[in-house]
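**Q** Residue numbers (this note's numbering), protein chains in the order written: chain H, 1 to 153; chain D, 1 to 153; chain W, 1 to 153; chain B, 1 to 153.
It is possible that part of the hints are untrue.
A pair holds if it fits inside one copy or across any two, identical chains being indistinguishable in the list.
[Claimed, not checked] Once the Cα atoms are required to be at most 25 Å apart in a straight line, the calculated DSS-like pairs of lysine-lysine come out as:
1. Lys112 <-> Lys100
2. Lys112 <-> Lys135
3. Lys100 <-> Lys130
4. Lys133 <-> Lys64
5. Lys64 <-> Lys130
FYI, nobody ran anything at the bench for these hints, they're computed from the structure.
In this text the structure is predicted, and so the values were computed from the model without any measurement.
4 protein chains.
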Amino acid sequence: MPPLQQVPPEPSSPCEWIDTEVRVRYAETDQMGIAYYANYLVWFEVGRGEFCRQRGFVYRDFEKENEAHLAVAEAQCRYHSSAHYDDVLIIRTRIQEFRKRTVRFEYEVLRKDDDALIATGWTLHVILDKKGKMKSFPPDYAHFLKSEVTQKA
Amino acid sequence: MPPLQQVPPEPSSPCEWIDTEVRVRYAETDQMGIAYYANYLVWFEVGRGEFCRQRGFVYRDFEKENEAHLAVAEAQCRYHSSAHYDDVLIIRTRIQEFRKRTVRFEYEVLRKDDDALIATGWTLHVILDKKGKMKSFPPDYAHFLKSEVTQKA
Amino acid sequence: MPPLQQVPPEPSSPCEWIDTEVRVRYAETDQMGIAYYANYLVWFEVGRGEFCRQRGFVYRDFEKENEAHLAVAEAQCRYHSSAHYDDVLIIRTRIQEFRKRTVRFEYEVLRKDDDALIATGWTLHVILDKKGKMKSFPPDYAHFLKSEVTQKA
Amino acid sequence: MPPLQQVPPEPSSPCEWIDTEVRVRYAETDQMGIAYYANYLVWFEVGRGEFCRQRGFVYRDFEKENEAHLAVAEAQCRYHSSAHYDDVLIIRTRIQEFRKRTVRFEYEVLRKDDDALIATGWTLHVILDKKGKMKSFPPDYAHFLKSEVTQKA
C-alpha cells in the first residue's frame, strides 16, 4: 500500500494531521471536575500510535521486529481550556521534525462538540535499542514517517 | 537473617499484618471529589510490595532471578467509606492463604487520621514463568511468605 | 419497585449486553508486558458509561440533574487471560441486578481479534446524594435501566 | 506585589529546594520496563503538594478556603534517564517564579540510590476561581510561597 507521498500536500499545509478520538473517562477527571493534566500525555500517546498506524507503521510490530523502543526524551503541554468527563476529544497529531535519531511529534487537542482548543503540545523521541542505547531509525520504518519530509526536499 | 518464624505469633492473632502508608494524590481523585475506585488496586500492589520487602522478599529481585511473575488471577475490593485528596491511608496487608501454586493477599485500608475503615479486599495470584505458564512457587521465596503458615502446622 | 430476582428473566436471553471497544494504551501496560490489573476497573467504567448512554441515560447529566453519584460499593474482577498493548478489547456490559438502592453491573472483556475471554467481573453501586447519603434511584433514571425487566414482566 | 524578577535572589542560593520521596509503583511501569512518561507529571504534583505543605500552605485547605484552584497552564518534562520499578525517587521542588497571577514550579527527579538525574521539568500555574476565571493569589497564601523572596530582600 503506497503511503502518503503520492499525494503531495499543499505548500500552505506543510504537514498532514491525523485525528484520533478519545472520550474523557471518569478515571481521568480530578476533584477540580476536569481532566487531570497528566492524562494529556497519555492521549498524546494514543494520537501518536494512531498516527503511526495510519502511516502503515504499527508501533507494536516496530518494537518486536527491531527490539527497539521510541523513548520519550522531552514532552511539553500547554493547557488552553479544560476538558470534562464524557467530552469527546480530537487528538490531532503530526510529525514536526524528523531527524536521523530523533522524531518530534506535535499535538492539538480539540473538543469535538464545540471545536474548542483544549491543549497543544509536543513530544521528542529517540530510538533506543534493547540495552537502552540510542540508535538510528530503522530505514523501513523511517520511510513511513518521513515521507512528507522527502516530498518537501 | 532468619525471618518471622522465630517469633511465634499469639494464637489470637493468626497472621501478621504489615502496614504501608500512601498519601492520596490529586491524580487519584475524580470529579466526585473522592479517590477513584481503581486506585485501591494500585494501593493493594503497594501494600503487597512492602509486605514482601519486609518479609525479606524483594519482588523486583524475584522477577529477575526467577524469570517469573506473580500474576493476578482475581481481585476484589469492598468500599466502606471514601478517601479524599491528601488523606494518609494505611494499607494493611497479610497473606490469607498460601498454596503450592497460588497465594492470596488480604488488605485493609484505613485513614490514618481518624482510623476510619475505608476499604477491604483481597487479590489471588499465580506464579507464571516467562512464557506465561503456571509454575510452583520457588522454594527460597516461598520460605519467606509461608513462614507463619508453617508455624501454625 | 420489586428487585430483579422477583421478575424471572427469560431463560434464553436473561439480559441484554451492550458492547464498547477500548484499545489497550501503552500507559496501561506494565513491565510484565501486559495490561496492569487495575485498568480493568477503568474499562468497566467505560463500559458502564456506554451502557447507560445507549439506554438513554447519560451519566454526566444524571450527576448534574440529581446532584447524586453512582458510587461503587464493591468491585470484583477475574483475570482469565492477558491483554496486550494495542489489543482491541470488547467490554460487554449488562445489569445483573437492579434494586431500589443498588444496581449491579456485570462485565465480560474479550479480545476482538480472537474472541479470547480476557476477564469477567462485576461492580455494585449505590446512589449517594450530595452529602454522601444513600438514596433511592431517581424514578426517571431507574426507568432507563430497568426497562428490560419491565418489558419482560 | 512585585514579581520575583524584581527581587534578585542571592547568587549562591537562589531558592530552596524541598525534597519528597516516591517509590516507583508497578502500575507506573510500562512494557518498556521503565516508568511511563506521564507519571512524572503526577510525581511533580506530589512534590508540589509537599513543597506547599512544608511552607505552611496545605493545598487541600487552600482549595476549600478560597474556592479556588491552582490550575496548570503549562507543563514540561525532560527525561534524562529511566526510572524503574521499586526505585526510590527524590522529587526536588522549588518555586522558579512567583507573579501576581501565576506561579512556576521547577522540579528535579533523582534516583535516591545512585543520585542519578532522572528528569527535570517545570509547571506553570494560574489561580482560577470557582467559575474558572483567573484571579490573584490570595495574600495569606502568597505569603507562604514567596516568603523566601521577602526574607532575602
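**Q** Reference check for the pair Lys133 and Lys64, CA-CA at most 25 Å: within, between, both, or neither?
**A** So Lys133 and Lys64 pass the 25 Å test inside a copy (16 Å) and across (21 Å) alike.
**Q** If the cutoff is 25 Å on CA atoms, where do Lys100 and Lys130 land: within, between, both or neither? Let me know, please.
**A** Intra 18 Å, inter 35 Å, cutoff 25 Å: intra-copy only.
**Q** Checking Lys112 and Lys135: alpha-carbon separation at most 25 Å within a copy, between copies, both or neither?
**A** The answer is neither: 38 Å in one copy and 29 Å across copies each exceed 25 Å.
**Q** When no copy is named, should Lys64 and Lys130 be tagged within, between, both, or neither for a Cα gap of at most 25 Å?
**A** both (10 Å within a copy, 16 Å between copies)
**Q** One pair to classify: Lys112 and Lys100, alpha carbons no more than 25 Å apart. Within, between, both, or neither?
**A** neither (35 Å within a copy, 34 Å between copies)
The structure shown violates the earlier hints numbered 1 and 2.
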